[in-house]
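Please work from the sequences and hints to get the whole structure.
Protein chains in written order, with the numbering used here: chain F, 22 to 457; chain Z, 92 to 406; chain Y, 33 to 316.
Quick caveat, the hints were computed from the structure, so don't treat them as lab data. Note that beta-carbon positions come from the ideal geometry of N, C-alpha and C, so glycine has one too. Check before you lean on any hint, since a few could be wrong.
[To be verified] Calculated Cβ distances over 12 angstroms to all of chain Z for the following chain Y residues: (1) P66; (2) A79; (3) E80; (4) L95; (5) V99; (6) W102; (7) F103; (8) D106; (9) F115; (10) R140; (11) A146; (12) G194; (13) D204; (14) K226.
[What the hints assert, rightly or not] Below, in silico cross-link-like pairs of lysine-lysine (PhoX-like), each with a Cα-Cα straight-line distance of 25 angstroms or less: (15) F:K191 with F:K279; (16) F:K391 with F:K191; (17) F:K351 with Y:K171; (18) F:K82 with F:K351; (19) Z:K369 with Y:K171; (20) F:K446 with F:K82; (21) Z:K369 with F:K446; (22) F:K393 with F:K191; (23) F:K446 with F:K435; (24) Y:K171 with F:K353.
[What the hints assert, rightly or not] The following residues of chain Z were derived to be distant from chain F, with all beta-carbon distances above 12 angstroms: (25) V125; (26) T210; (27) Y219; (28) V276; (29) K369; (30) V388; (31) Y391.
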Amino acid sequence: MFRQQRTSTRTLIAAVLTATALTLSACGADSDDSGDGSTLRLWHYEGANSAMGIAWAEAIKQFEASHPGVTVVYEEKGFEQIRQNAGMILNSDQGPDILEYNKGNATAGLLSKQGLLTDLSDVVAERGWDEMISPSVATTCRYDANGVMGGDTWYGIPNYGEFVMVYYNKDMFAEYDLSVPTTFAEFEGVLDTFVDNGVTPISVGGAEYPAQQILYELALTQADRSFVDDFQLYANPVDFHGPEFSYAATTFAEWVDKGYIGADSAGIKAEDMGVAFTQGSFPIMISGSWWYGRMSDEITDFEWGTFLFPGSDLHPGSGGNIWVVPSNAKNKDLAYDFIDITMQPDIQNLLGESGGVPLAADPAAITNPKAKELIENFNTLNDSDGLAFYPDWPAPGYYDVLVAGVQQLINGSKSPDEVLDEIAKPYNDNLASIGE
Amino acid sequence: MAKPLTRPHPRTRAGASARKADYGYVAFLLPGIVLFLAVIVVPLLMNIGISFTRWSGVGTPEWIGFDNYDRLLHDTNFWISFRNISFIILAMAVLPTLLGLFLAAVLFDYVAKRIGPRTASVFRSGLYLPQVLPVAVTGIVWGWILHPSYGALNSILDRVGLGALAQNWLGDPAYALLSVMAVMVWFQLGYPVVMFMAGLQRVDPELYEAADLDGAGWFQRFTRIAVHQIRPEIYVVLVTTTIAALKIFGQIFVLTRGGPGNATLVPSYFAYQNFFEKADAGYGSAIATVLTAIIVVLTYLFLRIQTRDERLEGS
Amino acid sequence: MVAATTARRGRPGRLTASTVLIGLTVLTLLVLAPFLVVALNAVKAPAEYAANGPLSLPGELYLRGIVDFWFRVDFGQKLWNSFLISATVAVGAVVISVLNAYAIGIGRMRGRLAFLMFFLLANLLPQEALVYPLYYLSKQVGLYNSRIAVIIIFTAIQAAFGTYLLSSVFRDFPRQLLEAAAMDGAGKWRVLWKVVVPTSWPTLSVLFTFFFIWTWNEFFLPLIFLISNDKQTVPVALGVLQGDRMMDATTTSASALLGIVPAVLFFLIFQRTLTRGVLAGAVK
Numbered sequence: 022m023f024r025q026q027r028t029s030t031r032t033l034i035a036a037v038l039t040a041t042a043l044t045l046s047a048c049g050a051d052s053d054d055s056g057d058g059s060t061l062r063l064w065h066y067e068g069a070n071s072a073m074g075i076a077w078a079e080a081i082k083q084f085e086a087s088h089p090g091v092t093v094v095y096e097e098k099g100f101e102q103i104r105q106n107a108g109m110i111l112n113s114d115q116g117p118d119i120l121e122y123n124k125g126n127a128t129a130g131l132l133s134k135q136g137l138l139t140d141l142s143d144v145v146a147e148r149g150w151d152e153m154i155s156p157s158v159a160t161t162c163r164y165d166a167n168g169v170m171g172g173d174t175w176y177g178i179p180n181y182g183e184f185v186m187v188y189y190n191k192d193m194f195a196e197y198d199l200s201v202p203t204t205f206a207e208f209e210g211v212l213d214t215f216v217d218n219g220v221t222p223i224s225v226g227g228a229e230y231p232a233q234q235i236l237y238e239l240a241l242t243q244a245d246r247s248f249v250d251d252f253q254l255y256a257n258p259v260d261f262h263g264p265e266f267s268y269a270a271t272t273f274a275e276w277v278d279k280g281y282i283g284a285d286s287a288g289i290k291a292e293d294m295g296v297a298f299t300q301g302s303f304p305i306m307i308s309g310s311w312w313y314g315r316m317s318d319e320i321t322d323f324e325w326g327t328f329l330f331p332g333s334d335l336h337p338g339s340g341g342n343i344w345v346v347p348s349n350a351k352n353k354d355l356a357y358d359f360i361d362i363t364m365q366p367d368i369q370n371l372l373g374e375s376g377g378v379p380l381a382a383d384p385a386a387i388t389n390p391k392a393k394e395l396i397e398n399f400n401t402l403n404d405s406d407g408l409a410f411y412p413d414w415p416a417p418g419y420y421d422v423l424v425a426g427v428q429q430l431i432n433g434s435k436s437p438d439e440v441l442d443e444i445a446k447p448y449n450d451n452l453a454s455i456g457e
Numbered sequence: 092m093a094k095p096l097t098r099p100h101p102r103t104r105a106g107a108s109a110r111k112a113d114y115g116y117v118a119f120l121l122p123g124i125v126l127f128l129a130v131i132v133v134p135l136l137m138n139i140g141i142s143f144t145r146w147s148g149v150g151t152p153e154w155i156g157f158d159n160y161d162r163l164l165h166d167t168n169f170w171i172s173f174r175n176i177s178f179i180i181l182a183m184a185v186l187p188t189l190l191g192l193f194l195a196a197v198l199f200d201y202v203a204k205r206i207g208p209r210t211a212s213v214f215r216s217g218l219y220l221p222q223v224l225p226v227a228v229t230g231i232v233w234g235w236i237l238h239p240s241y242g243a244l245n246s247i248l249d250r251v252g253l254g255a256l257a258q259n260w261l262g263d264p265a266y267a268l269l270s271v272m273a274v275m276v277w278f279q280l281g282y283p284v285v286m287f288m289a290g291l292q293r294v295d296p297e298l299y300e301a302a303d304l305d306g307a308g309w310f311q312r313f314t315r316i317a318v319h320q321i322r323p324e325i326y327v328v329l330v331t332t333t334i335a336a337l338k339i340f341g342q343i344f345v346l347t348r349g350g351p352g353n354a355t356l357v358p359s360y361f362a363y364q365n366f367f368e369k370a371d372a373g374y375g376s377a378i379a380t381v382l383t384a385i386i387v388v389l390t391y392l393f394l395r396i397q398t399r400d401e402r403l404e405g406s
Numbered sequence: 033m034v035a036a037t038t039a040r041r042g043r044p045g046r047l048t049a050s051t052v053l054i055g056l057t058v059l060t061l062l063v064l065a066p067f068l069v070v071a072l073n074a075v076k077a078p079a080e081y082a083a084n085g086p087l088s089l090p091g092e093l094y095l096r097g098i099v100d101f102w103f104r105v106d107f108g109q110k111l112w113n114s115f116l117i118s119a120t121v122a123v124g125a126v127v128i129s130v131l132n133a134y135a136i137g138i139g140r141m142r143g144r145l146a147f148l149m150f151f152l153l154a155n156l157l158p159q160e161a162l163v164y165p166l167y168y169l170s171k172q173v174g175l176y177n178s179r180i181a182v183i184i185i186f187t188a189i190q191a192a193f194g195t196y197l198l199s200s201v202f203r204d205f206p207r208q209l210l211e212a213a214a215m216d217g218a219g220k221w222r223v224l225w226k227v228v229v230p231t232s233w234p235t236l237s238v239l240f241t242f243f244f245i246w247t248w249n250e251f252f253l254p255l256i257f258l259i260s261n262d263k264q265t266v267p268v269a270l271g272v273l274q275g276d277r278m279m280d281a282t283t284t285s286a287s288a289l290l291g292i293v294p295a296v297l298f299f300l301i302f303q304r305t306l307t308r309g310v311l312a313g314a315v316k
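Written as structure tokens, this is what we have:
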């Protein structure tokens, strides 16, 4: 026992010494970055294989080529980490010089209100970026003193856009002799045909964002620009029992009843929705342009295409995520130079070529036919001021409210009117508290 | 491990040395006290302070008194989250402890003795492994298994002919909480098993032999001796699993995000939503403070019972 | 503990043993099934996953996902960070727990319930409650975005549990050992290290294992406090893949596998220490 005592004591001492050594190594000095203009700290969270990732990697190369002596310190971040902690990070000296951030009142708007983002208005005018960005898209770049988008002050610059459309399986359409619908009635006709043949037509992700975007699309078929301004920019109070939302909720519930939307889709995540479509389990998926690249890569078994949701000029969509420059950034001029590079035609075309939706590319210069189709659709929307943003934007935490509400429509556990009441409350509460 | 023959009674000792012994031990507590003050107590007080303000996390908080607490009392989500928590406690504390006790005894007493300690060890490791899995992975995998269309569970039910029992496990409000509970039992089971098996090693085999000689059956030996001897571990497991249940966050986050609706909303997640999604740090702090208070009270009661029990034991 | 010497009185041995074994094996396999699903998908090509779903067997072993992910997040560095933090916390927390529990459980000082509650408080607090205050405090001392901050915080949190468990176990510590040592003239300090620690080694090993694994899998606080990529831990790195709207399932599985394997390895290693420690540490 005595020998064992000594061994265990020795082990403990060894462990403590090791721990101390490890601790000291953890104290390693941080490579401190000063504002001397020799580094640009850049963060984004797009995958390396995504259109943005590819375009931005190229932009970094061009930046370093044109700025000898400056290194770009790029860190790929997790979206969740940034979304959750942006306030804390930007409020410290550990933030970057430039980062990709989400557009919207709850994200960029909130940060701008808290004074954590640099006012870019002067730089924008100086470099002419406002001429490259359409008014619809510019809405998400400019915020007012209350952090509401559509304001006067520029805080971010996007490189790309996004929008929601209908993906469809051409082979399955052909099987039932269906052609691409151009009106809403035709669309419902297509859906009916599938149901009559025992196929649930729409792949829906009820556990996450897709379902609420369908609801919003339905509302938009009854809406005009002023509705969007009211709902998103708080121009006027919104009647949740008005024609747009009542139609949306009732029609959505009908679609569940008629079998267009699976009754068990409340638990399906967006990822599963996409996979189900790529597997050919559903002929239709209503979701965003962010799926496009992946669909191109992964669908090998059947022909597929896209069309804009029939019956409406307005669609969920917006400018993409924006480049923002934190107030505490140490190398702001370098950041502006970088943004400039990303808006140049060659980077924009590269973005388009890689399956993204650039803001300022020339469709004629795009060689990939599927990419061309995508960009042309977006330009149609953009030019006609058809971007209606996303339904969860108006209030912080509204995303969860909508998910819950639509799940109840799918499960039939609440009536459309009840759900509308439920989603009205947080919206109105938030509206009341703006400006406080 | 024999019981002490005499219990040192303070009054029979020289009073001075007894009191000296008392204070002498305080030195051992100092490192812990300093650490905890800095990392726990001060932040806790700050948190309580924030709960009386309106604050978005950046800038200056604005004092609003008890408004947040008032709002809390009238918030249905708040009450629902606590109702859900009581079910989670069942799944994370009560069931795993009972099952764990049984399994530990079987493994330790039966498997280790009959078949070999290595086998028992293998089973123990296997059962504990869910605790080793990162939470994010738990969510992904269980999302697959419980998927309404291609999930393993429904596929198996189908193949066995019980297809009618197939449900939308995580998406249906009626079943979501049950599914989460089942996942939590899976997750938590290994921890009591490991704890109890370690505790059973402290039991003096002489006690067992004496019981055997007295003609005691396995079950009697189990309840009279084993359970009795590992009382400290049982208490610790019950308390820690209950606390973990009250605080549960990660699994809810990856499995259901508190949904569908608020079928699986729990206080921690509710606080998180307010802190990080609604940028309402004041309200979030209030929720966290209430949750903490409840946990503290429950733990205190638990500990009182445990200490009293131990005191009775000693006499 | 010595292997069974007590003869079982000729009860039906074989059948019961087999039943028990089978039952346990089924149970354990059920418990381990999710791991197998992860492993399955970690070596599956994304196209196969898209076509056949998550529960199908991969046609061929596709290791690109794992390799790509490793380099994408510099996984080696993340492993090191995780190891550094977990090991340091585990040791530190065990030491603090031993010190605390010695005073509370063996010293039986007055007000031990109050002290116990004080230390246990660390474990009772939901982590969300601590985040903002700790963020501001760490910024003040310049420790925001540092591994040291994470180590300090988790040492406190884990030590709470350790203090609680050990003080309960120490209450039953055989008094005659202590008295014997005291009679030999040993002071409290020596009694602690020469008598108490070696005797309770099995429990300390268990604590160390728990602390290591629990700290390894911590996600929330490291996500808040470790901002620079070169300081992040494995669970935080796994979170990188949760894109805004897309989650690539096979890459996520590959990353998950990389996240599980080290923790499992450590557990299996500590397993052996546990058993060995137990065999040697039985008090007679």
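Status of the hints after comparison with the structure:
With a cut of 12 angstroms on Cβ distances, P66 (chain Y) falls inside the contact zone with chain Z, its closest approach being about 4 angstroms. Residue placement check: A79 (chain Y) keeps its beta carbon more than 12 angstroms from all beta carbons of chain Z (closest about 17 angstroms). With a least beta-carbon separation of about 14 angstroms from chain Z, E80 (chain Y) lies farther than 12 angstroms from that chain, consistent with its non-interface assignment. Separation of L95 (chain Y) from chain Z is adequate, the least Cβ-Cβ distance of about 19 angstroms exceeding the 12 angstroms criterion.
Every CB of chain Z lies more than 12 angstroms from the CB of V99 (chain Y), the least distance being 19 angstroms, so the non-interface label holds. The claim that W102 (chain Y) lies off the interface holds: its Cβ sits roughly 16 angstroms from the closest Cβ of chain Z, which is beyond the 12 angstroms cut-off. With a cut of 12 angstroms on Cβ distances, F103 (chain Y) stays outside the contact zone with chain Z, its closest approach being about 20 angstroms. The beta carbon of D106 (chain Y) is kept farther than 12 angstroms from every beta carbon of chain Z, the shortest such distance being approximately 18 angstroms.
Look at F115 (chain Y): its CB is around 15 angstroms from the nearest CB on chain Z, clear of 12 angstroms, so calling it non-interface holds up. For R140 (chain Y), the requirement that its beta carbon stay farther than 12 angstroms from each beta carbon of chain Z is not met, with the minimum near 8 angstroms. Residue-level check failed: A146 (chain Y) sits 10 angstroms from the nearest beta carbon of chain Z, not beyond 12 angstroms. Listed as outside the interface, G194 (chain Y) is inconsistent with that label: its C-beta sits roughly 10 angstroms from the nearest C-beta of chain Z, within the 12 angstroms cut-off.
With a least CB separation of 7 angstroms from chain Z, D204 (chain Y) falls inside the 12 angstroms interface cut-off, contrary to its annotation. Look at K226 (chain Y): its CB is around 15 angstroms from the nearest CB on chain Z, clear of 12 angstroms, so calling it non-interface holds up. A C-alpha spacing of about 23 angstroms is found between K191 (chain F) and K279 (chain F), which places the hinted pair at or below 25 angstroms, so the restraint holds. With a C-alpha separation of about 14 angstroms, the suggested pair K391 (chain F) and K191 (chain F) falls inside the 25 angstroms cut-off, and the hint holds.
Note on K351 (chain F) and K171 (chain Y): the hinted pairing holds, with a Cα-Cα distance of about 18 angstroms set against a maximum of 25 angstroms. Using a Cα cut-off of 25 angstroms, the hinted pair K82 (chain F) and K351 (chain F) holds, with the two alpha carbons roughly 21 angstroms apart. At roughly 23 angstroms between alpha-carbon atoms, K369 (chain Z) and K171 (chain Y) fall within 25 angstroms of each other, so this suggested pair holds. The hinted pair formed by K446 (chain F) and K82 (chain F) fails the criterion: a straight-line CA distance of about 49 angstroms is larger than 25 angstroms.
A C-alpha spacing of about 14 angstroms is found between K369 (chain Z) and K446 (chain F), which places the hinted pair at or below 25 angstroms, so the restraint holds. About 18 angstroms separates the Cα atoms of K393 (chain F) and K191 (chain F), which keeps this hinted pair within 25 angstroms; it holds. Only pairs whose Cα atoms come within 25 angstroms are accepted, and K446 (chain F) paired with K435 (chain F) is accepted, the gap being roughly 16 angstroms. Taking the CA atoms of K171 (chain Y) and K353 (chain F), the gap is near 23 angstroms; set against the 25 angstroms cutoff, the hint holds.
Chain F leaves V125 (chain Z) outside its interface by the beta-carbon criterion, the shortest separation being 16 angstroms against a cut-off of 12 angstroms. Against the 12 angstroms criterion, T210 (chain Z) stays outside the reach of chain F, whose nearest CB is about 26 angstroms from its own CB. Non-interface status of Y219 (chain Z) relative to chain F is upheld: no Cβ of that chain comes within 12 angstroms, the nearest being about 22 angstroms off. With a minimum CB-CB distance of about 20 angstroms to chain F, V276 (chain Z) clears the 12 angstroms threshold, and the non-interface call stands.
The Cβ of K369 (chain Z) sits about 4 angstroms from the closest Cβ of chain F, inside the 12 angstroms cut-off, so the non-interface label is violated. Against the 12 angstroms criterion, V388 (chain Z) stays outside the reach of chain F, whose nearest CB is about 29 angstroms from its own CB. For Y391 (chain Z), the condition that its CB be more than 12 angstroms from all CB atoms of chain F holds, with the nearest at approximately 32 angstroms.
In summary, the structure is inconsistent with hints 1, 10, 11, 12, 13, 20 and 29 from the numbered list given earlier, while agreeing with the others.
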